[in-house]
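Protein chains in written order, with this note's numbering: chain C, 1 to 175; chain S, 176 to 641.
Any given hint could be a false lead.
[Unchecked claim] Okay, derived cross-link-like pairs now, EDC-like style, lysine to aspartate or glutamate, Cα gap no bigger than 20 Å in a straight line:
#, chain 1, residue 1, chain 2, residue 2
1, S, K371, C, D19
2, C, K125, C, D142
3, S, K390, C, E32
4, S, K390, C, E33
5, S, K633, S, E181
6, S, K633, C, D13
7, S, K390, C, D151
8, S, K390, C, E147
9, S, K193, C, E147
10, S, K193, C, D142
11, S, K375, C, D136
12, S, K390, C, E154
13, C, K45, S, E396
Just so you know, the hints here were simulated from the structure itself, not pulled from any lab data.
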Amino acid sequence: MSTSKVIHAFYNDDDVLMDAVKQVRAANHHIEEVFCPFPVHGLDKAMGLAPTRLAITAFMYGVTGLGVAIWLTYYTMIADWPQDIGGKPNFSWWLNMPAFVPILFELTIFFAAHLMVITFYMRSKIWPFKKAENPDPRTTDDHFLMEIPVDGNEEELKALLASTGAVEINVVDNH
Amino acid sequence: MSSHYEAPIREPLVLGTKSYHDITEDIARPIEGSANRNWYIAFYISLAAMLWGFGCIFYTVGTGIGVWGLNKNIGWAWDITNFVWWVGIGHAGTLISAVLLLFRQKWRMAINRSAEAMTIFAVFQAGLFPIIHMGRPWNGYWVLPIPNQFGSLWVNFNSPLLWDVFAISTYLSVSLVFWWTGLLPDFAMIRDRAVKPFQKKIYSLLSFGWSGRAKDWQRFEEVSLVLAGLATPLVLSVHTIVSMDFATSINPGWHSTIFPPYFVAGAIFSGFAMVQTLLGIMRKVTNMEDYITRLHVEYMNIVIILTGGIVAVAYASEFFIAWYTGSPYENYTYMSVGAATGPYYWAFWSLIIFNILIPQLLWFKKIRRSFIMSFIISIAINIGMWFERFDIIAIVLSKGHLPSTWWRFEPTFVDVGIFIGTIGFFFVLFLLYARTFPVIAQAEVKTILKSSGAHYKKLRDENNEH
């Protein structure tokens with residue numbers, strides 16, 4: 001039977017939180033979410049989160065940017081309207097390429113950086129006018145919040161969380 | 176606490192007995208409190224300077240750039256001097272936030288936010304100059320490769336000036352995104368504390384609904400690292416390309432392969448000086464003395480003495496090569512006996528004194544760790560680096576190959592007005608920033624509190640946890 005209740009356990013120390021996450025996982029409970037005021041190193045591994053692939057997307061976006069830059073310089077300078085500028089070879093993209101290196105480089109960075117950040121914003125669902133979803137305002141200050149779904153084991157979970165050093169334990173209806 | 180071990184020999188980066196909540200309080204205080212009288216005085220002076228500068232810009236655009244002191248020989252002077260000066264200042268922000276992140280320097284965390292703000296505001300000022308110098312700024316979009324009614328007549332990708340367009344706009348936009356992504360958790364912190372509904376609304380909007388999930392933080396850290404990796408070559412490329420505006424020309428004094436590395440070092444040199452100037456004031460007025468400590472000042476001074484040393488060696492090499500060519504033309508370059516004794520001797524010697532001699536004081540540990548001396552020296556470097564660009568441009572152009580074309584540059588009140596206006600504009604932006612943005616990356620500082628906080632270090636000492 002599924003239930004709509006979740007437990008919110010608050011911690012006020014990152015080291016205590018880390019140990020708690022390990023203990024809760026060892027007791028075979030599913031941790032729905034942890035809200036933190038700052039990055040806790042190793043928390044993603046302790047929670048069993050898959051590594052992020054954003055760096056790979058950045059590489060692919062960078063390659064795209066390089067491709068766009070090659071096409072742009074080729075089309076404008078060689079194909080569409082070649083002009084004699086300072087005697088530079090306007091009949092061959094390859095021979096003219098050294099003069100395009102700064103453009104190739106800048107567009108690679110431009111695409112990689114911006115598209116990666118946009119991907120991050122879309123994946124994490126953050127954008128202007130988005131409403132924040134942290135359940136308690138203290139989680140951006142100095143408290144860590146562990147959210148665990150209750151499945152008829154409320155008392156047992158509470159006892160476990162209290163033993164891991166939670167400073168406050170609330171049972172709330174899931175939104 | 177063993178996971179937060181740091182060698183006891185390292186000085187603390189956060190002073191006092193702080194908890195995570197104290198950091199929140201300290202960073203939020205300047206935003207939630209009201210500004211004091213000094214802030215208003217500084218703001219109105221800057222605003223007046225900015226408006227005066229805007230007036231001069233309108234006059235320039237309405238009348239034509241003939242109102243500047245440019246002449247048939249010196250077609251570039253204060254505008255490009257100011258452009259290069261402002262872009263250079265911007266470089267420290269990216270260096271601190273990107274390069275120091277790659278090198279895992281924890282001390283960057285107290286200063287990266289303001290240094291990046293400085294970068295963005297400085298690049299705004301820099302971008303103004305080429306646009307005004309176009310004379311018809313409403314045609315400014317012609318620098319972009321967009322199809323047009325002339326054929327299409329495309330932009331010239333062989334030109335360093337166009338490389339500049341791409342470099343500066345990439346630099347500005349990537350810095351802005353880097354800065355804003357780092358700001359999200361801190362805006363969220365302000366949002367969650369805000370009591371006034373309007374303030375809450377604004378900071379919710381600014382924070383993009385940041386909730387701080389474990390997955391968000393995992394992505395956040397990865398994105399920061401990759402952005403740092405991208406921004407590091409980017410920042411080096413920007414001043415390299417700026418230097419190519421000169422180095423790819425055939426003027427003696429400009430046609431120099433040493434320019435790219437030497438300009439980059441000079442940019443970091445001047446940028447760190449500006450960070451010292453700004454933070455010297457900011458740590459006082461926003462009560463951030465516990466976060467921006469003597470140690471931070473010393474570390475920045477060490478970067479200044481290193482990059483200043485590179486610049487000094489570059490000057491010496493330029494001077495030597497100019498002399499060694501035996502060519503009379505080289506005797507009119509900005510680093511030559513001709514420059515030191517000619518009509519621009521005052522600009523030459525200002526450069527030597529402010530940029531080479533005064534920074535040598537930083538070899539003394541006492542001076543390096545003194546707030547007031549660092550502040551004074553940083554202002555000297557700001558002046559010296561302005562003269563460097565002025566010398567490279569005005570001295571070189573004043574004496575060309577043909578003696579009958581020799582001319583001098585005299586700035587008009589419009590040249591001066593626009594320059595002062597950009598300084599005013601810069602400080603207006605920075606002062607507004609200091610009152611409305613979290614001036615220290617508090618989420619990041621919280622991650623180093625246990626390893627580098629004075630209180631935790633003391634606890635470890637007492638418990639012998641080494």
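Comparing the hints with the structure gives:
{"no.": "1", "hint": "S:K371 with C:D19", "result": "37 Å, violated"}
{"no.": "2", "hint": "C:K125 with C:D142", "result": "23 Å, violated"}
{"no.": "3", "hint": "S:K390 with C:E32", "result": "11 Å, holds"}
{"no.": "4", "hint": "S:K390 with C:E33", "result": "9 Å, holds"}
{"no.": "5", "hint": "S:K633 with S:E181", "result": "12 Å, holds"}
{"no.": "6", "hint": "S:K633 with C:D13", "result": "18 Å, holds"}
{"no.": "7", "hint": "S:K390 with C:D151", "result": "24 Å, violated"}
{"no.": "8", "hint": "S:K390 with C:E147", "result": "14 Å, holds"}
{"no.": "9", "hint": "S:K193 with C:E147", "result": "28 Å, violated"}
{"no.": "10", "hint": "S:K193 with C:D142", "result": "12 Å, holds"}
{"no.": "11", "hint": "S:K375 with C:D136", "result": "15 Å, holds"}
{"no.": "12", "hint": "S:K390 with C:E154", "result": "26 Å, violated"}
{"no.": "13", "hint": "C:K45 with S:E396", "result": "14 Å, holds"}
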